[in-house]
Amino acid sequence: MDPAIAAYLPTLLWAIFIGATLLSVALGALLAYHWFRYAMNPTMSSTALIIYGGIAFFLLSGLLTATIAINAAL
Amino acid sequence: MNIFFSQDKVARTQTSNGVNEIKLLPEEKIILKLRKHWVILARDTIGTILLAFFPFLLLAITQIVLPSTLYFEGYLAYMAFATSLWLLILWLALAVIWTDYYLDLWIVTDKRIVSVDQVSLFNRKVTTLSHDRIQEITVKEENFVQAFFKYGTLDIETASPTDGDATMEGIPRPESVRATILHQMGK
Numbered sequence: 001m002d003p004a005i006a007a008y009l010p011t012l013l014w015a016i017f018i019g020a021t022l023l024s025v026a027l028g029a030l031l032a033y034h035w036f037r038y039a040m041n042p043t044m045s046s047t048a049l050i051i052y053g054g055i056a057f058f059l060l061s062g063l064l065t066a067t068i069a070i071n072a073a074l
Numbered sequence: 075m076n077i078f079f080s081q082d083k084v085a086r087t088q089t090s091n092g093v094n095e096i097k098l099l100p101e102e103k104i105i106l107k108l109r110k111h112w113v114i115l116a117r118d119t120i121g122t123i124l125l126a127f128f129p130f131l132l133l134a135i136t137q138i139v140l141p142s143t144l145y146f147e148g149y150l151a152y153m154a155f156a157t158s159l160w161l162l163i164l165w166l167a168l169a170v171i172w173t174d175y176y177l178d179l180w181i182v183t184d185k186r187i188v189s190v191d192q193v194s195l196f197n198r199k200v201t202t203l204s205h206d207r208i209q210e211i212t213v214k215e216e217n218f219v220q221a222f223f224k225y226g227t228l229d230i231e232t233a234s235p236t237d238g239d240a241t242m243e244g245i246p247r248p249e250s251v252r253a254t255i256l257h258q259m260g261k
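If you're matching them up, the sequences are chains G and X in order.
Following the numbering used here, the numbering of the first sequence begins with 1 at its first residue and continues without gaps.
Following the numbering used here, the numbering of the second sequence begins with 75 at its first residue and continues without gaps.
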């Protein structure tokens, strides 16, 4: 890999990971506001929040693991 | 029984705290609570779900066409990073689509119809139509899919300049809903 790219790649990957995390949390908060404010069914809102949070957490874990693995390989 | 047309759900709605958001009138009873048919949700999400297979398809094609390009150091980690990011973006998009679907609602009471249209996040339109103002109810089933899955569009025209008209696409069993509204209007 080009040394110029390799120097900036860890920063870029961490920036993408942090950006994705912030986006997931912010959107989750917005959606949770809508579910609990308007859905008229607290059980459904809680279930939706658990499923959303669980899958987002799983995917963010994959992203974090890949970021650490790439940084270790550089 | 169709879950979108269930009397049990109506009962739960009446007892949940959230129904206060609609602000029922004194002595008003909820007759029906309607959501769009699940086919509408499937139609809106199928493209996003199919896009989830894109990274795996790309990997398979690359392995067949250009296998030598894949095996650089740490390629699996790069693939995992790109795939996780791609799936996360699609998951967020699916959550927004489902929210738009789930928060669209029609409530038919013994006095009026309340149409809640969640256009997008923070764009919500609530329309109320009094039964005594309704002039015409039109049911449209326009193609084979709608006829097969028994859903359609319900158009309600009113005489009131302030109430306006209401249209809801993807209503399950629209003929039955129309009959219920006509029955309530005749009371």
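No lab work stands behind these hints: they were computed from the structure.
Accuracy of the hints is not assured; some may be wrong.
[Stated by the list, open to error] Per the computed footprint, the stretches of chain X lying under chain G, defined by three or more beta-carbons under 8 Å from a beta-carbon of chain G, are:
#1 119-129
#2 154-161
#3 191-202
Every residue gets a Cβ at the ideal spot worked out from N, C-alpha and C, and that includes glycine.
Structure-based check of each hint:
Evaluation of the coverage hint for the region 119-129 of chain X: breached, as 0 residues show C-beta separations to chain G shorter than 8 Å, against a requirement of three. A stretch counts as covered by a chain when three or more of its residues have a beta carbon under 8 Å from one of that chain; for the region 154-161 of chain X and chain G the count is 6, and the coverage holds. Here the region 191-202 of chain X counts 3 residues with a CB under 8 Å from a CB of chain G, which clears the bar of 3, and the coverage holds.
In terms of the numbered hints stated before, the structure departs from hint 1 and from no other.
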